[in-house]
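Here the protein sequences line up with chains A, B, C and D, keeping their order.
Per my numbering, residue 353 is the first one in the first sequence, and the count goes up by one each step.
Per my numbering, residue 353 is the first one in the second sequence, and the count goes up by one each step.
Per my numbering, residue 353 is the first one in the third sequence, and the count goes up by one each step.
Per my numbering, residue 353 is the first one in the fourth sequence, and the count goes up by one each step.
Treat the hints as calculated values from the structure; they're not laboratory data.
Treat the hints with care, since some could be wrong.
What the hints assert, rightly or not - Incomplete in silico selection of chain D near chain A, CB under 7 Å:
#1 383
#2 465
#3 469
#4 628
Computed from a prediction, not measured in an experiment: that's the story for all the values here.
All residues carry an ideal CB built from backbone N, CA and C; glycine is no exception.
Number of protein chains: 4
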Amino acid sequence: MRMSLGENIVVTLFGESHGPAVGALIEGMPSNVEPDLDQLVDDMISRRPGSGLASKRKETDEVEILSGVHEGKTTGMPILLLIRNQDVRSKDYSFLPNQPRPGHVDHPINIKSKGAADLRGGGSFSARLTAGLVAASSLSRKIIPEDWKIEATVGALGDLEGEEGIALAEQARKEGDSLGSRVDLVISGLPVGLGEPWFDGIEPALARALMAIPAARAVEFGRGVAAGKMKGSEHNDKWGENMSLSEGADGALGGMASGAPIHVRITFKPPSGISRPQETFNQTTGLMEELAIKGRHDPVIAPRARPVVEAVARLVIADLGIQGGYIDE
Amino acid sequence: MRMSLGENIVVTLFGESHGPAVGALIEGMPSNVEPDLDQLVDDMISRRPGSGLASKRKETDEVEILSGVHEGKTTGMPILLLIRNQDVRSKDYSFLPNQPRPGHVDHPINIKSKGAADLRGGGSFSARLTAGLVAASSLSRKIIPEDWKIEATVGALGDLEGEEGIALAEQARKEGDSLGSRVDLVISGLPVGLGEPWFDGIEPALARALMAIPAARAVEFGRGVAAGKMKGSEHNDKWGENMSLSEGADGALGGMASGAPIHVRITFKPPSGISRPQETFNQTTGLMEELAIKGRHDPVIAPRARPVVEAVARLVIADLGIQGGYIDE
Amino acid sequence: MRMSLGENIVVTLFGESHGPAVGALIEGMPSNVEPDLDQLVDDMISRRPGSGLASKRKETDEVEILSGVHEGKTTGMPILLLIRNQDVRSKDYSFLPNQPRPGHVDHPINIKSKGAADLRGGGSFSARLTAGLVAASSLSRKIIPEDWKIEATVGALGDLEGEEGIALAEQARKEGDSLGSRVDLVISGLPVGLGEPWFDGIEPALARALMAIPAARAVEFGRGVAAGKMKGSEHNDKWGENMSLSEGADGALGGMASGAPIHVRITFKPPSGISRPQETFNQTTGLMEELAIKGRHDPVIAPRARPVVEAVARLVIADLGIQGGYIDE
Amino acid sequence: MRMSLGENIVVTLFGESHGPAVGALIEGMPSNVEPDLDQLVDDMISRRPGSGLASKRKETDEVEILSGVHEGKTTGMPILLLIRNQDVRSKDYSFLPNQPRPGHVDHPINIKSKGAADLRGGGSFSARLTAGLVAASSLSRKIIPEDWKIEATVGALGDLEGEEGIALAEQARKEGDSLGSRVDLVISGLPVGLGEPWFDGIEPALARALMAIPAARAVEFGRGVAAGKMKGSEHNDKWGENMSLSEGADGALGGMASGAPIHVRITFKPPSGISRPQETFNQTTGLMEELAIKGRHDPVIAPRARPVVEAVARLVIADLGIQGGYIDE
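Starting from the given sequences, assemble the full structure and let the hints guide the process.
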């Protein structure tokens with residue numbers, strides 16, 4: 353079982369939610385780049401639990417850089433980023449693996465690992481591991497040209513667009529429930545042609561990486577599912593003066609940047625961890641039994657997934673940028 | 353630029369729409385498997401152009417097996433599948449690269465390849481290359497256990513569900529236009545735990561492979577975009593008697609099979625190649641000019657993409673099956 | 353079972369000695385490069401059987417380029433090189449798999465493939481497959497800067513240095529026997545720093561690729577096995593005026609080019625296929641029995657391996673050159 | 353720049369000789385395996401500096417397992433092994449990069465990294481990084497069947513076979529000099545057929561991995577360079593009763609295990625770091641100048657490389673064992 357993203361910049365995650373640490377190993381980072389360590393702190397804060405709509409788990413998320421950076425510059429060698437876990441409360445998970453939580457990975461990974469998986473807090477499947485992703489992505493900021501923009505926003509909370517649904521999410525939490533959501537991603541300024549054909553194209557590469565974010569359920573590009581009901585004469589984006597495209601045009605064609613912004617929408621399911629008691633099967637007793645999950649969970653995913661979406665997209669674009677020679681190795 | 357899918361069974365596409373041939377090289381196929389050559393012919397017919405709603409291009413799509421099969425059995429060595437192109441009419445594309453077609457890859461690949469790409473008929477980006485995918489996937493049928501089912505159906509044509517929209521598509525064609533569509537995919541019978549964590553999970557792997565099919569614009573898993581408006585108490589799938597799940601439950605959790613069927617919906621844009629004249633930029637004259645595309649094109653994608661979706665899904669599942677030891681190498 | 357070399361330029365071999373064809377699929381070749389087709393013919397002739405010390409098999413080795421080249425230029429897409437087999441005499445191999453030939457791969461691959469391997473003429477393990485390697489490497493010539501020199505010569509035939517041992521080899525053939533040999537390789541003109549650390553360094557990459565040539569038994573760099581008896585004060589290469597190194601200095605340090613020429617010596621065993629009868633086990637009768645092999649074989653390997661060594665080294669250096677950004681993708 | 357070995361069990365090294373830590377990240381380790389932690393300590397001691405012929409650097413080499421092991425068992429997830437550096441004396445290297453050491457990587461990596469490399473003690477090229485390799489390999493012991501034996505011994509010190517040359521090495525150290533050496537490796541008990549064709553064969557895979565050990569200069573298989581002077585009738589290993597082979601027969605044919613033991617000889621150059629003053633170029637002054645290296649170095653490599661050779665071979669064989677299905681994933 354591998355946990356790696358990228359072909360040129362390869363980011364491999366490691367760690368468990370309730371183990372000693374999480375983090376990432378970055379291979380292929382160009383040498384002589386000065387990581388912005390203040391930005392790294394900011395990026396880690398942006399995804400940190402413990403505030404607003406997020407779970408109550410408190411983590412400082414200090415990132416130790418244990419290799420590959422010397423006198424403030426990347427050496428080109430593998431960079432190890434280590435983030436110690438601190439606020440771990442493992443007694444919450446003693447009901448596992450007997451009575452797996454609905455909508456969680458507990459049961460499949462227990463079977464797959466022949467009973468050896470660390471199930472506490474989702475183990476290696478926990479959103480806690482996105483800390484390593486965000487840290488690794490933060491270090492890649494300096495190799496991405498300034499006019500390439502990668503920005504994610506909260507697209508919807510429940511059925512309210514943008515961040516207007518915050519009250520809905522708060523309400524869901526109070527009811528011991530949770531809410532679905534959406535993150536919108538816009539990537540602009542890429543040189544025409546960046547990307548690769550077929551399975552390594554911008555859309556396939558982004559779709560793969562984004563669908564790996566815990567709880568992602570759909571990825572749409574351009575007009576997305578709405579394109580399924582359109583006519584060609586309506587959907588086709590004509591090339592305008594000097595090969596310009598309108599804002600709504602597809603930003604990737606055949607896997608390569610067209611010159612227009614790339615619009616992506618990522619739908620997240622409502623978090624499966626809810627405090628309201630649920631009935632589910634207990635493998636020891638062989639009975640359906642109530643389960644009340646006492647862990648600390650987010651009532652809605654988009655606000656915390658937003659920086660992760662951005663981080664993942666940045667890594668994918670950096671990887672494709674190096675692949676095509678748009679970024680120096 | 354690579355055109356490879358898979359880590360254990362690696363399928364690499366090659367060829368151009370108007371070049372001498374297309375095909376696929378398969379690496380990692382287990383030895384001592386007897387490919388079903390009648391099934392191969394059937395599978396090639398199922399995606400062949402020239403019938404019904406498809407384009408008028410006539411191809412027999414005979415597959416030459418030039419290596420890796422000896423006395424009717426796979427040897428375990430690379431298998432070369434070669435499909436000669438026959439009905440090629442290249443004069444249709446003389447307007448390229450000066451006046452790129454709206455919604456096509458002509459312009460990005462022309463830039464990327466420094467002017468050296470074969471643009472005729474979309475070159476290596478043509479749906480013609482799915483012939484190699486379908487052939488390769490057909491050979492993988494024999495290594496997939498019989499109770500693993502992979503089935504794709506036409507989900508919608510325009511705004512009509514199922515295949516009821518055929519008249520809409522026919523109408524679009526008559527108007528020199530085209531129509532969006534959707535393919536629905538169901539994968540069932542997988543052993544619980546099949547799959548991998550994070551970026552190699554079932555959803556990420558399928559999302560990547562399916563988004564590489566020309567004209568795909570969205571991929572949804574389970575309740576897809578609808579999950580974004582649901583509550584956790586509604587979306588959560590409780591584990592039932594003996595760890596069973598209901599039919600509508602998520603078939604993959606954390607990248608691994610849960611035991612329930614996996615439902616995927618793939619949205620395709622309306623084909624960009626329409627016969628109705630379109631205004632688009634001519635780089636030689638520097639003017640917006642009308643362009644009438646004379647090639648032979650499909651008015652709607654789902655009916656022809658259906659076997660390709662199935663082929664791609666089969667390769668992904670075979671690859672994950674070998675990865676986890678569920679299929680013998 | 354894969355048969356691929358390279359990370360950036362990926363060359364995958366396919367085919368069997370007595371099947372319909374052999375060849376190679378090249379991925380990652382930069383676009384807009386004009387392959388020299390006359391050079392390709394020359395390169396194929398240089399490794400062709402049927403002359404001098406080589407086996408009597410006659411092959412024209414015409415290379416069909418079936419994808420990835422358009423109007424004389426590479427498109428950047430996968431390039432399929434197909435070489436049909438013509439002079440095949442398969443009746444020679446009817447004693448297999450019952451009585452495997454001494455020193456040949458017949459028995460291990462028969463076990464590994466569960467009896468399904470094509471054993472005729474060595475199947476996919478035949479030196480015939482180097483035709484694909486040489487063809488692929490020939491196409492890479494144009495992307496390698498002119499001042500990077502890669503040259504292989506016959507180092508020794510039996511215990512005579514250089515090509516003076518030809519009479520020895522001829523004598524061996526007359527006696528139904530064969531002779532060991534050595535190829536010497538010199539790579540010069542590489543920019544200082546080309547290469548990668550550890551497992552992807554120049555020496556590891558070359559060692560892997562060269563040891564894959566059939567019958568290779570040893571690879572030595574610089575002073576090779578002689579270095580094992582030297583003192584540091586003797587072996588150390590001082591940096592001279594303007595960081596120059598003497599001709600005998602190690603051409604690679606820590607996997608990267610030092611500026612001095614890289615010297616490599618590759619030892620080949622005497623060909624295992626000899627016409628003199630040999631006693632070996634017959635699995636059907638359970639007895640030791642005489643075996644007379646009627647195939648057409650080379651009495652010594654170096655003269656025919658020489659262009660293959662050069663081809664393999666060129667691919668490795670091209671791959672590392674792209675990896676480090678010394679060659680444009 | 354990557355530092356990874358293996359396709360199925362992937363070991364990636366990280367760290368610098370004088371940085372905070374070295375270590376390895378292991379991906380693909382099967383789940384539910386109990387690492388032997390006492391053995392891990394023993395393995396680390398076996399390669400530790402500070403005793404006998406080794407350098408005077410003192411390191412406890414305690415291995416922190418920070419992920420992928422839970423309640424004493426592997427979970428199947430990435431395993432992070434961290435080894436803190438302790439006895440670091442960096443003032444010794446202030447002459448770099450101006451006056452690079454003869455035979456060292458200082459100059460090439462300084463050029464390659466655009467001046468950003470950590471040159472102290474060889475940085476990421478230091479033999480210190482073999483600590484991570486040995487630790488990772490130690491954890492792989494439990495997945496290798498008991499009857500597969502992998503054993504390395506000191507083959508020669510200078511021109512004395514075996515360990516008889518210890519006095520020679522001690523003498524070299526006293527003279528401020530160093531000595532070449534050889535390690536002999538024997539791998540036995542592998543199932544016939546283990547291995548892969550061509551570039552992933554046993555010999556290519558071992559040659560690559562072994563040539564990556566710092567200071568390795570030659571790799572020989574079977575009769576090695578001596579095979580270059582033999583005749584086929586002499587070198588050919590007949591298949592004996594029940595397909596047995598004699599002890600001296602080639603243990604790998606065409607990249608796959610033949611049933612006989614595999615014999616490998618690895619030659620190491622004399623260590624380049626010698627205390628005797630050497631004249632070499634100073635890039636700042638533009639003059640040839642004397643350089644006295646004050647670091648702590650080994651006078652001969654084989655005794656310390658011996659456990660590293662074994663570790664590397666174990667990882668290669670484990671990787672090929674998983675690849676062919678001989679070891680359960």
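Now for the hints, and whether the structure bears them out:
1. 383: Holds, because the Cβ-Cβ distance from residue 383/D to chain A comes to roughly 4 Å (cut-off 7 Å).
2. 465: Holds - the Cβ of residue 465/D comes within 7 Å of chain A, reaching about 4 Å at its closest.
3. 469: Holds, about 5 Å.
4. 628: Status violated, d = 29 Å.
Violated hint for the displayed structure: number 4, the only one.
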